[in-house]
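Chemist: Residue numbers (numbering that gives the first Met the number 0), protein chains in the order written: chain A, 0 to 121; chain B, 0 to 344.
Be a bit skeptical, because a hint or two may be false.
[As the list claims (entries may be wrong)] Just the calculated beta-carbon pair ranges, DEER-fashion:
| # | chain 1 | residue 1 | chain 2 | residue 2 | range |
| --- | --- | --- | --- | --- | --- |
| 1 | B | A162 | A | P1 | 54 to 64 Å |
| 2 | A | S86 | B | E289 | 33 to 43 Å |
| 3 | A | D87 | B | D315 | 39 to 49 Å |
| 4 | A | P1 | B | F290 | 48 to 58 Å |
| 5 | A | S92 | B | A108 | 28 to 38 Å |
| 6 | B | E289 | A | Q81 | 34 to 44 Å |
| 7 | A | S86 | B | Q112 | 47 to 57 Å |
| 8 | A | R13 | B | G97 | 55 to 65 Å |
| 9 | A | S86 | B | F290 | 40 to 50 Å |
| 10 | A | Y18 | B | D315 | 38 to 48 Å |
[Unchecked claim] Sample of chain A residues at the chain B side, in silico, Cβ under 8 Å:
| # | residue |
| --- | --- |
| 11 | Y4 |
| 12 | D58 |
| 13 | P100 |
| 14 | A101 |
To be clear, the hints were calculated from the coordinates, so they are not data collected in a lab.
Everything numeric in this text was worked out from a predicted model, so none of it was measured.
Just so you know, even glycine gets a beta-carbon here, dropped at the ideal spot from N, CA and C.
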Amino acid sequence: MPVLYSEVLLDHFRHPRNYGSINAPDISYESFNPLCGDRIRLQLKLDRATVQEARFKGDGCAISTAAASLLTELLIGTSIEQAAAISDDELISALQSDIQPARRQCALLPLEALRHGLREHG
Amino acid sequence: MARAEKRVAMATLVATRGTGPKREGAKMWVGEAGRILGSVTIGGCVDARVIAESEQVLSSSESRLVEMKLADEDAWEIGFSCAGDLDVLIEPIDIPEGKVLDLYRAVRAAVGQGRGAVIATSLKDSSNKLLLIEGGEIAGTLGSAELDRAAQSIAFESMRKRASSTVPLGAGALPVFFEVHGPPPTLIVFGAGHVAMPLVSLAHDLGLRTVVVDGRPRFATHERFPDVDELLIGIPSEIAETLSYTSSTFVVLTAHDYKYDLPVLKVVLPARPAYVGLLGSRRRGQAIKEFLRDGGMAEGLLDQIHVPTGLDIGADTAAEIALSILAEAVAIKSGRTSASLKERT
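Could you put together the complete structure from these sequences and hints?
Modeler: Take a look at the structure:
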C-alpha cells in the first residue's frame with residue numbers, strides 16, 4: 000500500500016532531476032495553480048519527433064515538484080506521440096505515494112504543462 | 000542651483016550633541032549669487048549664521064568647520080527643542096568642474112545603479128576625502144593608507160545603518176565625517192496574501208519603494224495593493240534572481256508556504272539584504288532552516304533570517320503584524336535595540 004509521501008517522492012522533491020532551463024526550447028509552457036500558487040515551467044528540446052532534452056523550473060509543493068522531476072525522466076527519449084500518451088495514472092503511480100483526490104491537481108500540474116505545450120507545438 | 004550658480008558653499012551638519020530636528024548629513028547650499036537651498040536645522044538663527052559663514056567661505060575659498068554652541072534658551076527659541084551643540088562643515092564648490100563635485104557625481108551614478116556610497120571627509124582638512132562605493136570601488140584618500148583602511152569598515156557599517164556620523168579615526172583620533180548615500184530603501188514582499196497588503200501600505204507611508212512577488216495573478220493585483228510600486232507575477236524564485244539586493248533592501252516572506260519560502264531564501268540569503276523576515280512560528284522557522292542547512296547553506300547565511308518576523312508587540316491582526324515587522328526592520332537598519340525610548344539613556 001503506498002505511503003503518503005514515498006521515498007521516491009521525497010527524493011525527487013529534495014533533489015529534482017533536470018531542474019533548470021533549456022536554451023531555445025522547441026516546447027515551453029508554464030502551468031500554475033491559481034489558488035495555491037504552484038508554478039511549473041516545462042521545456043522540451045526535440046530531435047525531429049523525439050524528446051532529446053526535458054527540463055523544468057518552478058516553485059511548487061513536494062508533490063508537484065516531484066511529479067515534474069519524474070515527468071522529465073519519463074519524457075527523455077520518447078517520441079512526441081508517446082509523450083502525449085502519458086496518462087494521469089501513469090505519472091501519479093510513478094510517485095509511489097497515496098495521492099489524495101484534493102492533491103491530484105498538484106501531481107498533474109506538470110502534465111498539464113506538457114499537454115498545453117504539445118498542443119501549441121502542433 | 001548647479002545650473003544657476005558658478006560657485007556654491009555646501010554646508011553639512013557633521014555632528015550634533017544633544018538632540019535636534021535634523022540628523023547628521025543635512026545640507027544647505029548657499030550660492031555665490033545668493034540662492035539658498037536646503038537647511039541644516041529647521042531654520043532660525045542657526046541657518047542664518049550658516050549663510051553668513053558660507054559667504055565668507057566663498058570669499059576666502061577656504062573650507063571651515065563651524066561649531067555652534069547653543070544655550071538652552073536659544074535652543075528652545077529656535078525650535079531646536081532639546082538643547083545641543085552642532086558642528087557644520089562648510090566647503091566651497093566650483094561648478095561645473097571640481098574635485099568635490101566629481102565625487103558627488105560618482106555617488107549619484109552608484110545610487111542610480113542601486114548601490115550605496117559613503118564619502119569620508121577629514122574634518123581637519125576637508126580636501127582629504129575618500130569615496131567608498133558598495134561593491135568595493137574606492138577613490139581618493141584621507142591622507143594615509145592606514146586611515147583609508149580604518150575608514151573602510153566604518154563606511155560599510157554606516158552604509159548598513161544608513162546613518163551619517165563623525166567618527167574619530169586612527170591613532171591620532173582624526174575626526175572623519177562619514178556621509179552616507181543610498182538608493183531609496185526597498186521592501187520586497189514574497190507572497191501577496193493578507194499580511195502583505197497592510198505591509199505594503201505601511202511601507203509606502205514610510206517612504207519605502209515596494210515590490211510584491213507572487214505566482215498567483217488573482218492575489219497579486221493592483222486592487223489589493225493600490226500603493227505598490229511593482230507587482231511581479233511568475234515563478235517567485237526566478238523573479239528573486241532578477242532583483243537587486245542592497246544594504247537598503249528589506250525582504251519579507253509572507254507566503255507562509257515552503258514552496259515559496261525555500262527556493263526564494265536560497266536566492267535571497269546569499270545576497271545579504273538589510274533584513275530578511277519570514278512569517279511563521281519559531282518551529283516552522285527551524286524546519287525551514289534545517290532543510291536549507293541540509294542543502295548545504297552556511298550557518299552564517301541562515302542566521303540572517305528573522306523568524307518569527309517582527310517585534311513582540313502582541314500583534315494579532317494583519318495590520319498589527321505588518322507594523323511589528325516594519326518596526327523590527329527599521330530598528331535593525333538603524334542599529335537600534337527596539338527597546339522602549341523611555342528606557343534609553
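Chemist: All hints are to be evaluated individually against the structure, with a verdict given for each.
Modeler: Hint-by-hint comparison with the structure:
1. Hint check: A162 of chain B to P1 of chain A, Cβ distance near 58 Å, so the stated range 54 to 64 Å holds.
2. For the pair S86 of chain A and E289 of chain B, the supplied restraint of 33 to 43 Å holds, since their beta-carbon distance comes to about 37 Å.
3. Between D87 of chain A and D315 of chain B the Cβ separation comes to about 43 Å, which falls inside the hinted range of 39 to 49 Å.
4. Under the hint 48 to 58 Å, the C-beta atoms of P1 of chain A and F290 of chain B, about 24 Å apart, miss the expected range.
5. The hinted range of 28 to 38 Å is not satisfied by S92 of chain A and A108 of chain B, whose Cβ atoms lie roughly 59 Å apart.
6. Distance hint for E289 of chain B and Q81 of chain A: a CB-CB separation of about 40 Å, consistent with the stated range 34 to 44 Å.
7. For S86 of chain A and Q112 of chain B, the hinted distance range of 47 to 57 Å is satisfied, since their beta carbons lie about 52 Å from each other.
8. At about 59 Å, the beta-carbon gap between R13 of chain A and G97 of chain B stays in the expected band of 55 to 65 Å.
9. Between S86 of chain A and F290 of chain B the C-beta distance comes to about 32 Å, which lies outside the given range of 40 to 50 Å.
10. Here the CB-CB span from Y18 of chain A to D315 of chain B is close to 39 Å, well matched to the stated 38 to 48 Å.
11. Look at Y4 of chain A: its Cβ only gets to about 13 Å from chain B, farther than 8 Å, so that hint breaks.
12. A least Cβ separation of about 5 Å between D58 of chain A and chain B falls short of the 8 Å threshold, and the interface hint therefore holds.
13. A least Cβ separation of about 20 Å between P100 of chain A and chain B goes past the 8 Å threshold, and the interface hint is therefore violated.
14. Because the closest C-beta pair between A101 of chain A and chain B is about 16 Å apart, greater than 8 Å, the hint is violated.
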